[in-house]
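So the sequences go chain by chain: A and B. Counting from 10, one number per residue, gives the positions in the first sequence under our numbering. Counting from 694, one number per residue, gives the positions in the second sequence under our numbering.
Some clues are possibly wrong.
To be verified - With the C-beta cut set under 10 angstroms, the calculated list includes, among others, these residues of chain B facing chain A: (1) Ser722; (2) Val723; (3) Trp824; (4) Gln890; (5) Leu907; (6) Asp922; (7) Glu964; (8) Pro1013.
Read the hints as simulated data drawn from the structure, not as lab findings. Note that beta-carbon positions come from the ideal geometry of N, C-alpha and C, so glycine has one too.
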Amino acid sequence: MIDTMHRMIKKYLALDDVKYAIGYEKGSYGFRVSPSFAYTPEAVDRFTFSALCVNNLAVYPMLEEKLPLPRGQIAPKLKTVVLVKGCDSKALVQIIKEKGRTRDEFVIIGIPCKGVVDLAKLEARFPEASGDAAITDDGFVITIDGVEHMVPRAELIAAKCERCEHPNPVIYDELLGEPVEPGEDTFDDVADLEAMSTEDRWKYWEKEFDRCIRCFACRNVCPLCYCKSCSGEELNPEWIRRSVNISENTAWNLLRAYHLAGRCIGCGECERACPMDLPLSQLNRKMARDVREMFDYTAGTNPDDKPVLTFYNPNDPEGFMI
Amino acid sequence: MMIITYDKLNDWLTALGNNQLFGPTATGSVVTYASLSGPSDLVINAKPTKPPKGSIFPQTQTLFTYSIDRGLVVSQSGQDGPKAVIFGIRPCDARSFPILDLVFNDEYVDPYYAKARDRFTLVGFSCTTPWQNCFCTSVNGNPGSTDGLDILLTDLGGRYLVEVLSPKGQTLVDENSGLFSQATEGDRAARKEVIEQAVARMKRNIDITDVPRLLGAMFDHDYWKQISDKCLGCGTCTYLCPTCHCFDMQDEIKGTEGRCARMWDSCMFSEYTMQTSGHNPRPARTNRLRNRVFHKFKYYPDNFGETLCVGCGRCIDSCPVNVDIADIVAGVREVTA
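Build the full structure now, drawing on both the sequences and the hints.
The following block contains the structure:
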């Protein structure tokens, strides 16, 4: 599959209107995998794919800085080749729906995905080790120094993969691999949260938000957080103070969850990126579950419909109206 | 040199409770340097996710308060506090304080920093087994370094060798002298061996000789674009770094009362050098990542004679996209060869 991927991407890179390709390459230590950027065909040879490829590469097109050009010069409209798993592809769909980008700016290489590892669990299971991971129908094969270790799927799989409803890319120009059977998301973790009393829930989140250091890793790793000027950093008016305390931390995390309501595609990168281990997925999934129930809408799944909070439907729930 | 056994160490920790006591401890599901209420809180075999700089250089700190109720009244925030101990600080983390002193406590003295520095006693544990991304020996550090410490403990199996390095350290030992015994020649030799083994176990080694000069010659090199394409521009590396110290100051006003507070800033954020005109001399991640590497491996050495990195590896551990500063610096030599 890797050879097919290399040939495919090199073919696109050779075209005049393609600027670069975004994929994965082996990381610098342990089991890490790094995002990889190929501007030339040779650089594509570094690209790899495995169950270690946890990153959502769809974050990069919107991170590209559009720097001022000399007067009269216009930036050429060039395409970006981007590798996406099922979950990642939903981010591109949502971004295109919101007109953050247009469809023709991308060459999307979709990879049907059986699941990726939870890196923290893998590193806890094989501390200070480095190697590869593959996922099969029977579970994970972790290869360290030439030795293969079989590990049951449930012990290493990322939580988001257990409930993945879109293992196959929702949007693509090319597909690398056979379709995978989707699962079902019953939002059990959200139900657990809702089962808590308001007081207990407040105490729970207070304990979590207390650890937040406002590094904004959650925001910067998120493909759907692409406001040029983030309201969390605005000074005039200062919606959220820069000081780090429980009040501002709570405001930040709730604000981000609300701004992602109906937009978050559930890739879980925020939770993975958080250095202080905040359970951020829970917040976003509560929003996603509510949006699904209220508006029968799931972000990033239908390229043709409008973003859910941008239009009014007479059938919208009105339970809050007196 | 003295010796303290494992269980006497617990007694010592309990006795030290008359100070404000901090050390590596579980904070939710991560380990950080936080308040210790007793010996059972101490976590020895994990690298704390956050460095201890927050104890002496807090993430948010009131500089002064003011009210305009009856004319303007400004009150400088108190800088005094109780005696405090950080117990179980690693040599790399301890080294960060003499390095930060060069900015905050040297030619110009920051009273908030200086007073905090004064009231803290640092009791360190030397490292017997470096972690995956440690590279302290590459940046003038050592698993048994005493730089910045008041006491260093080295685990010799069943007991710790206790090296008292300052009057502050001596006080902590004298106050509990019954818990300690004299070290022997054998103990000293064992310490030497433990540290040598730790150095040999260091997995990452980079050569930083002449790096300030090499960097100076490659400011405009394409290398900086290549290594920064994947950087997200978040503040994880800077906030988890023991030596990063950029800060912002903001006024927080409510009604007629307010405070001026200092809080950590990050050179990785997009508006780090945003000017009021709207112009930003570092508009792209490549400018800012280059600046970070230069600050740590060129500007600080040029200005203060010290590398602004202690090789703790936290930025490498926690970067969501595997930006690896050790690899980046090693690459500088290859690219300019």
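Hint numbers contradicted by this structure: 4, 5
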